[in-house]
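S.K.: Chains as they are written, first to last, in the numbering used here: chain A, 1 to 113; chain B, 1001 to 1112.
Quick caveat, the hints were computed from the structure, so don't treat them as lab data.
One or more hints might be untrue.
What the hints assert, rightly or not - For the chain A half of the interface with chain B, some residues (derived, Cβ under 7 angstroms), not all of them:
| # | residue |
| --- | --- |
| 1 | Ala5 |
| 2 | Pro8 |
| 3 | Trp22 |
| 4 | Pro43 |
| 5 | Asn51 |
| 6 | Gly53 |
| 7 | Val54 |
| 8 | Asp56 |
| 9 | Ala88 |
| 10 | Glu101 |
| 11 | Pro106 |
In this text, all values refer to a predicted model and were calculated from it rather than measured experimentally.
Virtual Cβ for every residue (Gly too), placed ideally from N, Cα, C.
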Amino acid sequence: EAGVAQSPRYKIIEKRQSVAFWCNPISGHATLYWYQQILGQGPKLLIQFQNNGVVDDSQLPKDRFSAERLKGVDSTLKIQPAKLEDSAVYLCASSLYPGLEQYFGPGTRLTVT
Amino acid sequence: SQQGEEDPQALSIQEGENATMNCSYKTSINNLQWYRQNSGRGLVHLILIRSNEREKHSGRLRVTLDTSKKSSSLLITASRAADTASYFCATAEMNRDDKIIFGKGTRLHILP
């Protein structure tokens, strides 16, 4: 089966610009996650969707980050405006149900200059 | 917030030796999972152990879980160069919709 797809793989932007990431989860996976991983640290959950509803967005900086999962399949994560500290790898993952093994995409490496 | 804390932070061993890394967590969980991340690559799920299980095996991997001590260990036997990676434990929190929280990871380096 096809894995989790993410694009772009790399993105370089200047601070105060906006950027969007796209994720296509494994077919049939109801749960979708966006993580931020800063170099040398573990992934930090930004937002969790169950179908097209938000289950947890407690660590999402809502003044600049937004995410949506239309039709319960693909998802986009947007940052506007970006700050230097947003430089990180953004990982998308999906699972059949919450709490089960997650399948991760290759990630998007964002550099904010 | 990060629930799991891996120990040690970094580990270097000779190829063929066994590698053991530990994870401690703070709250009640439904399951605990271990993931591997090779340099510059995505995370890969290795094994899931439920809160009512004490030990689980998968190939060269052996995971133990002690819920009374809120700790888990991952043993990799007969290590290989390809095992060089970061290993993360992740806990599915009870009473929080199985929210998954990752630790900071153990960086394992296998020496030739």
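S.K.: Grab the minimum C-beta distance from A:Asn51 to chain B and call the hint holds if it beats 7 angstroms, violated otherwise.
M.R.: The hint is violated - A:Asn51 has no Cβ within 7 angstroms of chain B, the shortest such distance being about 14 angstroms.
S.K.: Go through the hint on A:Gly53 and say holds or violated, using the shortest Cβ distance to chain B against 7 angstroms.
M.R.: violated (12 angstroms)
S.K.: Using 7 angstroms as the Cβ threshold, decide whether A:Pro106 counts as touching chain B.
M.R.: holds (5 angstroms)
S.K.: Under the criterion of a CB-CB separation shorter than 7 angstroms, is A:Pro8 in contact with chain B as hinted?
M.R.: This interface hint is violated because 15 angstroms lies over the 7 angstroms limit.
S.K.: Minimum Cβ distance from A:Glu101 to chain B below 7 angstroms?
M.R.: holds (4 angstroms)
S.K.: Does A:Asp56 pass the interface check with chain B, least Cβ-Cβ distance below 7 angstroms?
M.R.: Interface hint status for A:Asp56: holds (6 angstroms vs cutoff 7 angstroms).
S.K.: Does the nearest C-beta of chain B fall within a distance shorter than 7 angstroms of the C-beta of A:Trp22?
M.R.: This hint is violated: A:Trp22 lies away from chain B, its Cβ roughly 16 angstroms from the closest one there, beyond 7 angstroms.
S.K.: Given a cut of 7 angstroms on the nearest C-beta pair, is the interface hint for A:Pro43 held or broken against chain B?
M.R.: holds (5 angstroms)
S.K.: Does A:Ala88 pass the interface hint, meaning its C-beta sits closer than 7 angstroms to a C-beta of chain B?
M.R.: Violated. Min distance 14 angstroms.
S.K.: Does the interface hint hold: is A:Val54 within less than 7 angstroms of chain B, judged Cβ to Cβ?
M.R.: violated (11 angstroms)
S.K.: Given a cut of 7 angstroms on the nearest C-beta pair, is the interface hint for A:Ala5 held or broken against chain B?
M.R.: At 11 angstroms from the nearest chain B Cβ, A:Ala5 fails the 7 angstroms test, so the hint is violated.
Figure legend: structure checked against the earlier numbered hints; hints not met, in rising order: 1, 2, 3, 5, 6, 7, 9.
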